[in-house]
Amino acid sequence: MRDSDFGLTLAAGKTKYRGKFHGLGYLRYPVALCIGSVLAMILSRNQAHNALFLVLAFSCLGGLFGLLDAPFAAAAQVLVYAGAIMVLFLFAIMMFNLREPAPRERRTLRTFLAAILGLVLFAELAIAAVRAIAPGSVSPGEPDGLAGLGRLLFTDYLYAFEITSLLILAALVGALALAGKKEGG
Amino acid sequence: MIPPAAFLLLSAVLFSLGVLAFFVKKDLLTQFMAVEVMLNASNLAFLAMAKASGQAAGQVIVLFVITVAAAEAVIGLAIIVLIFRQRRTIRTDELKDLRG
Amino acid sequence: MSAMLSGLPLVSIVTFLPLAGAVLLVFFRRGSARAVRATALGVSLLTFVLSLLLFFAYDGASGLPELVERSSWLRGGIDYHVGVDGISLFLVLLAALMTPLALLSSWRAVDDRIKEFSFFMLLLETGMIGVFVSLNLFLFYVFWEAMLIPMYFLIGIWGGRRRIYATTKFVLFTMFGSLLMLVAIFVLQAAYSRAMGSPSLTIADLAAVPLSPALQSWLFLAFGLAFAIKIPLFPLHTWLPDAHVEAPTAGSVLLAAVLLKMGAYGFLRLGLPLFPAAAASFAPALSILAVVGIIYGGLMALVQKDMKSLVAYSSVSHMGLIMLAVFSLNFEATEGAIYQMLNHGLSTGALFLCVGILYERTHTRLIADYGGAAARMPVFAGLFLVAMLSSAGLPGLNGFVGEFLCFFGIFAANKTLAVLSVSTVVLSAAYLLWLYRRVMHGPLKDPADRRLRDLDGRELACLVPLVVLMLFMGLFPGTFLRKMDSSVARYVESLRSKAPVVTALELPGRPGAEATALAEPER
Amino acid sequence: MVRYFWLIPLLPGASALLLLLLGPRLSRRWISWQACLTVFLSFALSLAGFVHLVRAGHGSSGLAKTLLPWIASGSFSAAISFAFDELAAVMALVVTGVGLLIHVYSVGYMAADRAYSRYFAYLNLFTFFMLVLVLASDIVLMFVGWEGVGLCSYLLIGFWFERPAASKAGMKAFIVNRIGDAAFIVGVLFLLVNVGSSSFAAINAAPAAGVLGPGLVTLVAILLFVGATGKSAQIPLYVWLPDAMEGPTPVSALIHAATMVTAGVYMVCRLSGLFAASQAASSVVAWVGGLTAVFAATIALVQHDIKRVLAYSTISQIGYMFLGCGVGAYAAGMFHLVTHAFFKSLLFLAAGSVIHALGGEQDMRRMGGLKKALPTTFPVFLVGALAIAGVPFLSGFFSKDAILTSAFAGGHYVLYALGLSGAVLTALYMFRLIYMTFYGQTRATHPAGTAPHVHESPPVMTVPLVVLAVFSALAGFAGLPVLLGEKANWIGGFLEAVLEPAAHHLALSTEVGLILAATAAALAGIAMAFVFYRKRPDLPERTARSFPGIYRLLVGKYYVDEAYDAVVVRPLVRGAETVYARFDLGVIDGALDGSAAAAASAGKGLNVLQSGLVRDYALAFLLGAILFLGVLLL
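Chains as they are written, first to last, in this note's numbering: chain A, 394 to 578; chain B, 12 to 111; chain C, 578 to 1100; chain D, 2 to 635.
For the record, the hints were derived by calculation from the structure and aren't laboratory data.
Treat each hint with caution, since some may be false.
[Claimed, not checked] Dumping the calculated EDC-like pairs for lysine to aspartate or glutamate here, alpha-carbon to alpha-carbon at most 16 Å:
#: 1; chain 1: C; residue 1: 882; chain 2: D; residue 2: 578
#: 2; chain 1: C; residue 1: 1022; chain 2: D; residue 2: 163
#: 3; chain 1: D; residue 1: 558; chain 2: D; residue 2: 306
#: 4; chain 1: C; residue 1: 1075; chain 2: C; residue 2: 782
#: 5; chain 1: D; residue 1: 169; chain 2: D; residue 2: 566
#: 6; chain 1: D; residue 1: 373; chain 2: D; residue 2: 457
[Said to hold, decoys possible] Footprint (simulated), chain C over chain D, 3 or more residues, beta carbon under 8 Å:
#: 7; stretch: 132–145
#: 8; stretch: 174–188
#: 9; stretch: 569–577
Glycine is no exception: its CB is placed at the ideal position from the N, C-alpha and C atoms.
Use the sequences and the hints to build the structure in full.
Now the structure itself:
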């Protein structure tokens, strides 16, 4: 897709790390797939298709996570996001059982405004990204791997971890309380 | 060795697309999906920076984000279902109850 | 004694015991009103007993905070840091004393949603004590705001007819002030961080940070406004009569006895030590407002038709004197101000209890509805009289000691203001005695009215401790003053060292009094 | 025994506390005994101390005892410490002695009252505070007593609080006193800050030591004197005393004649070192005293209430005392204080006996012819009247003469003339009272139309009267004129240890002349009364008709009460009411409510932005995020 190529070459052309980019070749496809499916989601008007496009996008992202030396995150991404959460969405779509597709989106002032703002946001994020990688701002090193991650979770982040479990429980109970009620009591 | 800048840029692209989707779409469900895209974009950024800086903390955060996103999705969908049951619509331009 | 206590985090226990009690109350069944009342009273009494230990454990030789507990809490200098010194010790005691009495006073008056009521009362106690023991600015703010919530509900749920108006006004006034204070806290933290390299919100640390005069003035005004509203300083006082009139007796008691002290305490603990130069430059203006408040409050009290708003305006007048003393910036006035804060807590608390006792019997607060109550209620008449005389500063009772020390200190700072403030002696006697005459004296309004029975055991238990304390504090002020001495000396010392202007506090056009030299503390 | 002199105030104090706490549970018998006995013990201790001082002679520094380090803060300190010197001894004797007699008298007078224990509790409490005032060795502690007696005066005037007049009078007394006290406090503050000590010794020594400048001395002395005008009912703060007669009569005798109202004089004498150092302040004292003496006497001439006549008489006599102090004759002032305590409390108690006999009647127009019916009361009343009128060889004669002589000797001839004319008036109104009450036909009426049963009081009331009569007659011999020898003025010599001595001495012939003049004044007054009220009972009315203006002015008591009401009280209350309604509720609260309303309308205007669409909110959110990020990036 042109969008992604444009973005990557822009970044590559601007920096002096051109040399490091030669490995990007095989990455071109998952990246393109990811961005493409998100674009497809925007364009499609069928909610079920949207959900499936997202599954695709999230799976691609899972692969990228793996490339970033985060195998656990990659697995979680595929299992939880692409698997569980999106299935949940599909269930919801099934429940609505919408016969007709969503109506055509009209190009309103708001949409136009949103597009402009989205572009501005992208520009800002891109600048931020480039600056974040500027020399001296990071000190590369090897992550500790899966065991280190586990150790971190149960030491430094123990409270956060426990609280998240509570959060899940609360979400469970909340969902039951909200949606479980029969209509009209 | 994959340069982190590439991933950060991808993250920016995805995030902006998520934002765009949120505003273009008019049904709650798809807008909700757009939010998920933004969350994923930020996850990507986290991992990229974790890799660049060699700290595992970024990965931990990602795990938390995924967990919270799961909880959020559950509650969010429950709310959407509830709204649909009451209003028979999930079109956001027809829901104006926020107006006091 | 103190050796035995050294292992215990006594200050934290005293602060959070009421909170624990409040949490405990949540688990009570809705119907068990008696048990709820008994538990709440028991917890608050226990708190009081423990706070007495605080009194004995506090040594007071150094003047620095004692029984300090400190552990890091959040980043950015936000620590859990508590302790008591000679300035805060007695205010903690006051809060701990008044809460059980207030609970006892509402034993019968409040029977609606008693569980929530007791819950909020205990919550309020934690908030009040917390404000006094905090040594970290952020912690102070947390407690300061936490106090507002229960008070909001106490007035809003158990209040009188116009309670919603009153409670909204109360919250709007106080919130307005405290938000500005919050902003000022952040600015102060940033300034400290810039100057010292690492952030801190410890009050003692912040006093050391150098601030530009302009910034200091702004910050002082932000803090000062929050405190001035709480005191309340003329002309920010109009929330007080409304809040008092509408609040339930217990709320009025705590509001008058403890909450109003927060403002004055805030000036002593934060406003003046953190911004001495700004304080000194604003002191004349604030002093004039305080004097206006003294006279204005007294005159307004004279014409009130509602007993509670009369006492409320008397508070405006009395707190004006306390503020004037605080701004006199010398040893005697400061000590007098602290002492007078305790006195005002006791006497006004007792007066509100008395009004509550009358209200419980007749369900009216209008002075015109009363007359000749003394004939039916001789014991009450006596106790009411003592409370009133204490408020009017009769020698031999506590009010005199504080008032006289205030006068002395103010006089040493500025003779004109002192002479004007002495008018409170006449005014307070006038409005209080007039009230007493209209309510207690004269022929019985309605001889057939059997509702005016004399006090029962519970009501005696409310008033007698206060009256005994009034006598005790009037005769043995040394018990209290000695514990304050070194803290106050240290406080005055630090003010003087930082702002030399302070010693020459005189109104423009009036030459510095030769007397100020004498006002230097001896130690 | 002398060592325990500090128990003098504490004994009645303890008794008062006991009575207040347990009062209603105790039997009347017990209450009477306890109340009287404790005062008696105080009296015995005072007497012992007095004897001790007399024996020790000059040069003894008196007794002192510090009970408590009371208030101490920075440079301010005041202790609860008592001192027993010559001045205190004389005053303590008067307070406990007269107090004891009045306690005993009250046992009879109040026998029928419901609140018996409360009465004695207050009376004991008063004795306690009065003795604190007398024995205090520092001015702050004196102020405790000073305010304490004011409180007791309030409580006892309003003792019958069901009567609106009584309650109102009590309040008036307290508030008027407080006005004086405010000035007193300011004076004390000046002293504390400038002298640096609150002890009388230091204050009296201060002017000489140069610690207080001359201007400051005058200022302080006048401020303190304003306090004294409140307590001792002098112009301009005398207005409370006549109303105070609403209290029980023994209270009027004890508090409003013998002791409390003279506290101002005592205070001036206590601080004689300070007052003597300022000529200006002394003149103020003398002039206020002299004017009050005549002013109050003129009002007393036309009063009909027997107690009010005595009240104005008290004001007038205290005026004499201040006149004495003002011209430097402090000992004479104190001397008059003592004799006045005897004869005025005698007069009050005897008047009480009359009122008691008539079943509560106080109006002299409904009295008359009681001479026979009250065989004990009449003679003692007569003794009192003769004493106050200044008939030779009775106590009042000597003390008044001492004051007038000193005024003359000091060259204050106008003041002397004032005093002398006051003496004529005193004799006149006193004998008007005697003739109206005891002579002529009875004008007593009874609601039922029958003559009331007039009866003499029981012995518990008459015995104190007789004792007081004896003292009223003979007390004068404690201070004979100097012309009878250097030692003749015993009390003057005794007090010299504490007070500033009177400086002037007159030629023998002048002094004799002055004595004759005083005697003539007294006799002239009595003679006039005889003519007006005994021989030609129609004369007073004719006189009144020939000078209607003056008469109305006098009956209206110069309309001072009305003037105060119109100039001070009512504008203050009305003004405060207006300010409350217009400013407090109007401006301040209005501003608040106005700003709330403004906020509400601003909210309505901004409501356009509130579409209710989630997307619009999100858009705003996004805009904010972009701006924020932009700021971060810049």
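Which of the stated hints cannot be reconciled with the structure, identified by number in ascending sequence?
-> none
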